[in-house]
Amino acid sequence: MPEIDNPQTQRSAPRLCSLGSPRKNRLLWLAIWVLLGLFYVAPVYAYVDPGTGSIILQGLLAGIAVVITSVSLFWQRIKLFFSSLFSSRKSPDPTPEPDSSSEE
Amino acid sequence: MEKANSENGSFRDPSGQVYLINGHVYRSVMPRAADDFKFVRSTGLIDKWIAQGRIISETVVDPSVLGDLGKDASYVLEHPRLPFISYPYEWPFPALKAAALLQLDLHLEALEHGITLSDASAYNIQFYGTQPVFIDSLSFRRYREGEFWIGHRQFCEQFINPLLLRALSGLPHNSWYRGAFEGISAQELRPLLRWRHMLSWNILTHVVMQARFQSRATGRSDAEQKIKNQKLPLVAFQQMLRSLRKWISKLEPADTGKTVWVNYAKDNSYNSEEAQLKRLFVADFTEHLMPETLWDIGCNTGDYSKAALEAGAKSIIGFDSDQGALDLAFSRANTENLNLLPLFMDAANQSPSQGWAQSERMGLMQRANADGVLALAVVHHLAIGRNIPLQDVIAWLVSMAPEGIIEFVQKSDPMVQTLLRLREDIFDDYSEEAFVRHLKCSANIIRSVTVSATNRRLYWFKRH
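The listed protein sequences correspond, in order, to chains E and H.
Position 9 (the first sequence) corresponds to 9 in the working numbering; numbering is contiguous.
Position 264 (the second sequence) corresponds to 264 in the working numbering; numbering is contiguous.
Since the hints were made in silico from the structure, they are not lab data.
Hints are supplied without guarantee of correctness; some may be wrong.
Claimed, not checked - Derived SDA-like pairs: lysine to any residue, alpha-carbon spacing no greater than 25 angstroms straight-line:
(1) H:Lys231 x E:Phe82
(2) H:Lys231 x E:Ile64
(3) H:Lys231 x E:Val66
(4) H:Lys440 x H:Ala283
(5) H:Lys231 x E:Lys79
(6) H:Lys231 x H:Lys462
(7) H:Lys314 x H:Thr454
(8) H:Lys231 x E:Leu85
(9) H:Lys246 x E:Leu60
(10) H:Lys231 x E:Ile68
(11) H:Lys314 x H:Lys231
(12) H:Lys250 x H:Arg367
(13) H:Lys231 x E:Phe86
(14) H:Lys246 x E:Arg77
(15) H:Lys250 x H:Met198
(16) H:Lys440 x H:Lys314
(17) H:Lys231 x E:Ser83
(18) H:Lys462 x H:Met290
(19) H:Lys231 x E:Ser70
(20) H:Lys246 x E:Val66
(21) H:Lys231 x E:Ala65
(22) H:Lys246 x E:Gly59
(23) H:Lys231 x E:Val71
(24) H:Lys246 x E:Ala65
(25) H:Lys231 x E:Asp49
(26) H:Lys246 x E:Ile78
(27) H:Lys440 x H:Arg457
(28) H:Lys38 x E:Ser72
Claimed, not checked - Over 10 angstroms on every C-beta distance to chain E, these chain H residues come out as not near it, computed from the model:
(29) Leu69
(30) Asp119
(31) Ser121
(32) Trp149
(33) Ile150
(34) Val235
(35) Met240
(36) Glu252
(37) Arg332
From the three backbone atoms N, C-alpha and C, an ideal C-beta is built for every residue, glycine too.
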């Protein structure tokens with residue numbers, strides 16, 4: 001919670017991935033992808049041929065959906081950042097309280 | 001024992017098959033589909049849809065009803081027999097649209113219960129009047145996280161692209177669909193699009209891009225590799241279905257102007273008193289026959305179908321070749337709650353038996369099961385407009401049902417004169433005397449009545 005109030009912390013680190021060192025992160029993602037690759041079974045449950053064009057298109061639409069979701073999540077984080085920044089000036093915070101009140 | 005593959009091409013799906021035995025419709029559920037069958041039924045969704053009339057009802061029966069055919073089946077279901085099987089190439093635009101929306105609505109609701117559809121065939125939908133009903137309950141199976149919409153291509157080919165044909169260019173889908181009964185592919189539709197059509201995101205993706213991806217992928221093995229490890233998140237799947245639903249619900253025919261017959265009921269050569277005489281005769285005939293199913297050949301906007309329904313006919317299948325009249329008849333039947341299904345038919349070129357071994361989709365006359373037939377103002381169009389010998393026209397109409405009404409229109413009638421205006425009169429055999437003579441060859445005349453000042457006459461016949 002204090003991290004959000006601190007603009008320095010916000011700028012410096014992609015907090016979502018900060019589970020360890022960059023090297024550890026890469027290994028973790030690699031492991032996730034390998035696991036996905038191992039366990040994911042391509043859609044073979046069909047007696048109807050889905051059609052390559054249709055599947056590529058759906059892959060693309062899925063990609064767009066993921067991008068939209070990511071962008072909206074990112075946007076929400078930005079909004080949260082600014083709103084917390086805004087509210088941090090308004091809301092009483094133990095340490096900077098005297099300063100902020102004096103500013104206003 | 002008759003194997004009813006032809007009912008709906010059910011042999012394509014290994015999950016089960018449809019059989020018609022002594023007038024009963026049975027569906028086998030094979031072991032490979034048994035788990036999905038149990039899971040889908042455990043959600044209660046099928047029962048809910050049956051109660052709503054959106055899916056055909058089913059009863060689990062003893063597999064022995066199928067004899068040897070049932071010995072490998074995990075379950076055998078019995079379905080009620082539909083009054084008539086129709087095909088998407090016979091549906092007018094609003095029927096195809098209603099079927100598309102039902103397919104999407106059921107799929108969306110199914111996904112919320114962890115169920116998906118294994119295909120998106122338009123042949124899985126039939127009609128009670130203008131109400132679409134889903135008939136292949138084995139198409140529902142358990143949804144697997146991340147899976148693609150397997151029926152997407154089929155949905156595009158069997159619903160979206162045929163609808164777009166009329167919505168974008170005013171061209172009815174029926175003839176093309178009948179010739180290519182699996183539907184119209186994106187690659188086929190693509191060259192017909194104009195630049196302005198591509199401003200639509202849905203057209204751009206589901207037609208243009210799909211066609212392009214398909215062309216580029218053909219003959220390349222890396223395409224499969226590219227897509228192998230991709231997933232379609234459930235939310236993206238649902239969003240795709242929802243946006244298609246929104247789009248399709250807004251599609252309307254581009255040719256909303258007058259077509260040949262739309263104003264026929266108003267502008268034809270007999271006045272409303274004569275039309276009233278026709279209605280009375282149709283009502284008398286219907287009250288006597290009390291038919292389960294009537295066929296109305298040349299139904300136009302459904303005027304006489306309505307008279308027959310009000311007189312006690314249970315259901316009517318109407319046929320006409322005019323798209324504008326069919327659209328009106330469909331929306332009228334829908335709003336006035338008439339049990340009338342208007343279908344596209346060129347009477348001189350009826351739906352043939354086609355598909356695999358010419359037995360997958362039945363020809364029109366193979367499906368003739370009407371108790372009665374109405375053929376008002378039809379004969380002259382075939383005998384004079386299309387040069388079909390008069391006796392053949394009569395024989396065809398009489399072969400449709402044991403009883404019916406056929407209207408004879410005199411050669412001097414303004415409508416016939418219009419047909420003859422630009423051509424030589426080669427129809428020496430076209431007279432009321434010849435008409436009666438030919439009709440008596442295969443039927444008794446119960447009653448007849450003159451309905452117009454131009455001596456149009458209705459004949460109530462009963463087949464020998």
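Exercise for the section: Starting from Lys231 of chain H, check that the Cα of Ser83 of chain E is at most 25 angstroms away, please. Expected result: Answer violated: Lys231 of chain H to Ser83 of chain E is near 35 angstroms, above 25 angstroms.
Handout entry: Non-interface claim for Met240 of chain H, where every Cβ of chain E lies beyond 10 angstroms
Key = 6 angstroms, violated
Exercise for the section: Given the hint that Lys440 of chain H pairs with Arg457 of chain H, test it: the Cα-Cα distance must not exceed 25 angstroms. Expected result: 15 angstroms, holds
Problem - Restraint status (C-alpha distance of Lys231 of chain H to Phe82 of chain E at most 25 angstroms) - result: Judged against 25 angstroms, a Cα distance of about 34 angstroms means the pair is violated.
Practice task
Mind checking the alpha carbons of Lys246 of chain H and Ala65 of chain E for me, to see if they're no more than 25 angstroms apart?
Solution key: 18 angstroms, holds
Exercise for the section: Take a quick look at whether Lys246 of chain H and Leu60 of chain E sit within 25 angstroms of each other, Cα to Cα. Expected result: 20 angstroms, holds
Practice task
With 10 angstroms as the threshold, tell me whether Ser121 of chain H passes as away from chain E on beta-carbon distances.
Solution key: The assertion about Ser121 of chain H is violated, with a minimum of 8 angstroms to chain E.
Practice task
Below or equal to 25 angstroms on CA atoms is what counts here, so check Lys231 of chain H against Val66 of chain E.
Solution key: The given pair, whose Cα atoms are some 11 angstroms apart, holds under the 25 angstroms limit.
Handout entry: Interface exclusion of Trp149 of chain H relative to chain E, criterion Cβ beyond 10 angstroms
Key = Violated: least Cβ distance 6 angstroms, not greater than 10 angstroms.
Exercise for the section: Sort out whether Met198 of chain H lies within 25 angstroms of Lys250 of chain H, counting only the CA atoms. Expected result: Given pair Lys250 of chain H, Met198 of chain H holds - Cα atoms ~17 angstroms apart, limit 25 angstroms.
Handout entry: 25 angstroms limit on alpha-carbon distance, applied to hinted pair Lys231 of chain H and Phe86 of chain E
Key = 39 angstroms, violated
Exercise for the section: Mind verifying the non-interface call on Ile150 of chain H? Its CB should be farther than 10 angstroms from each CB in chain E. Expected result: 4 angstroms, violated
Hints 1, 5, 6, 7, 8, 11, 12, 13, 14, 16, 17, 26, 28, 30, 31, 32, 33, 34, 35 from the earlier list are contradicted by this structure; the remaining hints agree with it.
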